[in-house]
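Colleague: These protein sequence lines map, in sequence, to chains C and E.
Going letter by letter, the first sequence gives residues 18 to 384 in the numbering used here.
Going letter by letter, the second sequence gives residues 13 to 135 in the numbering used here.
Keep in mind that a hint or two might mislead.
[As the list claims (entries may be wrong)] Okay, the calculated bits of chain C under chain E, using three or more residues with CB under 8 Å as the criterion: (1) 222-228; (2) 233-243; (3) 260-269; (4) 308-315.
[What the hints assert, rightly or not] Pairs of lysine to aspartate or glutamate, DMTMM-like flavour, derived with a Cα cap of 25 Å: (5) C:Lys246 <-> C:Glu277; (6) C:Lys246 <-> E:Asp80; (7) C:Lys133 <-> C:Asp185; (8) C:Lys133 <-> C:Asp382; (9) C:Lys246 <-> C:Asp296; (10) C:Lys246 <-> C:Glu230; (11) C:Lys133 <-> C:Asp228; (12) C:Lys246 <-> C:Asp228; (13) C:Lys133 <-> C:Asp122; (14) C:Lys229 <-> E:Glu84; (15) C:Lys229 <-> E:Glu127; (16) C:Lys229 <-> E:Asp67; (17) C:Lys229 <-> E:Glu124; (18) C:Lys229 <-> E:Asp125; (19) C:Lys133 <-> C:Asp296; (20) C:Lys229 <-> E:Glu133; (21) C:Lys246 <-> C:Asp122; (22) C:Lys246 <-> C:Glu376; (23) C:Lys246 <-> E:Glu133; (24) C:Lys246 <-> C:Glu236; (25) C:Lys229 <-> E:Glu102.
Source of the hints: derived by calculation from the structure; they are not laboratory data.
Remember, it's a predicted structure, so these values are computed and weren't measured experimentally.
Positions of the beta carbon are idealized from the N, C-alpha and C atoms, including for glycine.
Each chain is listed here by its residues.
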Amino acid sequence: MPIRILLALLLAATLRVEAPQTTAYQEVFVHRGPGHTFHDIARLNPGVPVHIIERNRVGNWVRVTRTTDNGTVVLDGWVPTGYLNYDGSFHLSEIPVNTTIADADPANADYVSTGKLYAVPLISEVSRAMQGVYRYGQALGKRSNVVTKVGDSVSTNSLYLNPMSRGDHELGPYDFLEETINFFGPSLAAGSVASRIGMTTYVIFDPLWADKEHCNPGETPLACEYRIKQPAIAMILFGPNDVRHMTDAEFAVQMREIVEQSLDQGVIPVLSTFSVHPDDRLWWQAINFNLRLTEISAEYEVPLINFWAASRILPEYGLDVDGIHVANSGFPNIKFSTGHEVWYGTSLQNLLAIRMLDELRRTLDMH
Amino acid sequence: MTMRTILVIALLLSLAACAAETADPAPVVERYLQAKVAGDETTLRELLCLSMEADLPREVSSFASVTDARIENMACARVGETNTVQCTGEIIAVYGTEDTSFPLTTYRVVQEDGEWKWCGEAG
Numbered sequence: 018m019p020i021r022i023l024l025a026l027l028l029a030a031t032l033r034v035e036a037p038q039t040t041a042y043q044e045v046f047v048h049r050g051p052g053h054t055f056h057d058i059a060r061l062n063p064g065v066p067v068h069i070i071e072r073n074r075v076g077n078w079v080r081v082t083r084t085t086d087n088g089t090v091v092l093d094g095w096v097p098t099g100y101l102n103y104d105g106s107f108h109l110s111e112i113p114v115n116t117t118i119a120d121a122d123p124a125n126a127d128y129v130s131t132g133k134l135y136a137v138p139l140i141s142e143v144s145r146a147m148q149g150v151y152r153y154g155q156a157l158g159k160r161s162n163v164v165t166k167v168g169d170s171v172s173t174n175s176l177y178l179n180p181m182s183r184g185d186h187e188l189g190p191y192d193f194l195e196e197t198i199n200f201f202g203p204s205l206a207a208g209s210v211a212s213r214i215g216m217t218t219y220v221i222f223d224p225l226w227a228d229k230e231h232c233n234p235g236e237t238p239l240a241c242e243y244r245i246k247q248p249a250i251a252m253i254l255f256g257p258n259d260v261r262h263m264t265d266a267e268f269a270v271q272m273r274e275i276v277e278q279s280l281d282q283g284v285i286p287v288l289s290t291f292s293v294h295p296d297d298r299l300w301w302q303a304i305n306f307n308l309r310l311t312e313i314s315a316e317y318e319v320p321l322i323n324f325w326a327a328s329r330i331l332p333e334y335g336l337d338v339d340g341i342h343v344a345n346s347g348f349p350n351i352k353f354s355t356g357h358e359v360w361y362g363t364s365l366q367n368l369l370a371i372r373m374l375d376e377l378r379r380t381l382d383m384h
Numbered sequence: 013m014t015m016r017t018i019l020v021i022a023l024l025l026s027l028a029a030c031a032a033e034t035a036d037p038a039p040v041v042e043r044y045l046q047a048k049v050a051g052d053e054t055t056l057r058e059l060l061c062l063s064m065e066a067d068l069p070r071e072v073s074s075f076a077s078v079t080d081a082r083i084e085n086m087a088c089a090r091v092g093e094t095n096t097v098q099c100t101g102e103i104i105a106v107y108g109t110e111d112t113s114f115p116l117t118t119y120r121v122v123q124e125d126g127e128w129k130w131c132g133e134a135g
């Protein structure tokens, strides 16, 4: 028996023993890599058992294989985790992480601009610069387990991150996020004076928009929030409002100011790209805004969540009927046990944000 | 020009200066807030103090993201002889279908070239 066949049989036997097995609950395309920009190579029909071999860094895509009894691999590719039945049979903490594979194949993007956006990982790795910012923040008295929200109505949505404080999360396969939710969750019980409907990157610096009950006269919403909460991390989400009122150059100036003021105070600013529907008349403007965000993230080495790229596989790109706000699942808690992250914008937004917080907590050894 | 004419001119000039100094700054604040709500760049530029000149774009855009912004029950009065003007009332704006409000507060005014200028919130 040739050695190659022997190895294949051995691999198949190993997979059958060790790799967890599950099925898809509906037909799903299987891709060459962990993202829809990778070519699709097959369809996985519901109910057909597959083994889970590895996952991407976020955990929202897994590589699955299917082998016949004689060890022939008949399927090998990536599917979104949210399309798989979760019955407790697999935990992403036990699945090997492929840390080298990219989240997208930008060469397959329709445009150069969108290719550039796809090239940015779904969540950043934590830079050495942020290690310095964290230490600086600690010296200034920033509270390591406190996260706050800064942004417009998409950020203000009470189902974005705030449910981390409820204690009734259903993580499903994302068991490895438990500690992170318990660590940061309580800090998200309160609202943020720097997150308000209608807020823009201009008015975050306008004292008129500050909460007069909590903020000092002349204090900006951003400065007020940082003074009150002393957060180690700020989840900054601007764009859906600004894109309607300013140029991408003006937006970049304002975002830089937010980042610089955060860094000056020892607060790690986590930026995020935002979703936009391709039919939106502001599509290209939004793409440019998102590109500016990725540039600022790279320039200051601050973390970035690439929600735009991740949301491309969601129905209506994760957006609600107004095409601006993200769609909610209807559940009040953090719930990843039934694949909501591939259906609803807020669920995906929460998954990526919590995973980014998880990356920060582990890398910076926050406790 | 006679000495008497010179004295009269000097008197008129000093009276004018006094008038400007003692003029009520409250209407300036009211005009400023109305202009801010309306995004009226010309008026804002006219009434904004020099030290806040760089903030003009922000002041003009403050209510760009909301609709139907308006001021309700505005009443402003100078606080004694200080450089502050206290206002009551609130700005109401609509975002989507939801009202959002901004209570008016106390503002700083400064005199520049004999004119009162709005100069941010009073600390």
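Colleague: None of the hints should be skipped; say for each whether it holds.
Modeller: Each hint tested on the structure:
no.	hint	in the structure
1	222-228	holds (count 5)
2	233-243	holds (count 3)
3	260-269	holds (count 4)
4	308-315	violated (count 0)
5	C:Lys246 <-> C:Glu277	holds (18 Å)
6	C:Lys246 <-> E:Asp80	violated (33 Å)
7	C:Lys133 <-> C:Asp185	violated (38 Å)
8	C:Lys133 <-> C:Asp382	violated (32 Å)
9	C:Lys246 <-> C:Asp296	violated (39 Å)
10	C:Lys246 <-> C:Glu230	holds (15 Å)
11	C:Lys133 <-> C:Asp228	violated (38 Å)
12	C:Lys246 <-> C:Asp228	holds (14 Å)
13	C:Lys133 <-> C:Asp122	holds (10 Å)
14	C:Lys229 <-> E:Glu84	holds (17 Å)
15	C:Lys229 <-> E:Glu127	violated (29 Å)
16	C:Lys229 <-> E:Asp67	holds (20 Å)
17	C:Lys229 <-> E:Glu124	violated (29 Å)
18	C:Lys229 <-> E:Asp125	violated (32 Å)
19	C:Lys133 <-> C:Asp296	holds (20 Å)
20	C:Lys229 <-> E:Glu133	holds (11 Å)
21	C:Lys246 <-> C:Asp122	violated (40 Å)
22	C:Lys246 <-> C:Glu376	holds (22 Å)
23	C:Lys246 <-> E:Glu133	holds (23 Å)
24	C:Lys246 <-> C:Glu236	holds (15 Å)
25	C:Lys229 <-> E:Glu102	holds (12 Å)
Violated hints, listed in ascending order, are 4, 6, 7, 8, 9, 11, 15, 17, 18, 21; each of the other numbered hints is respected by the structure.
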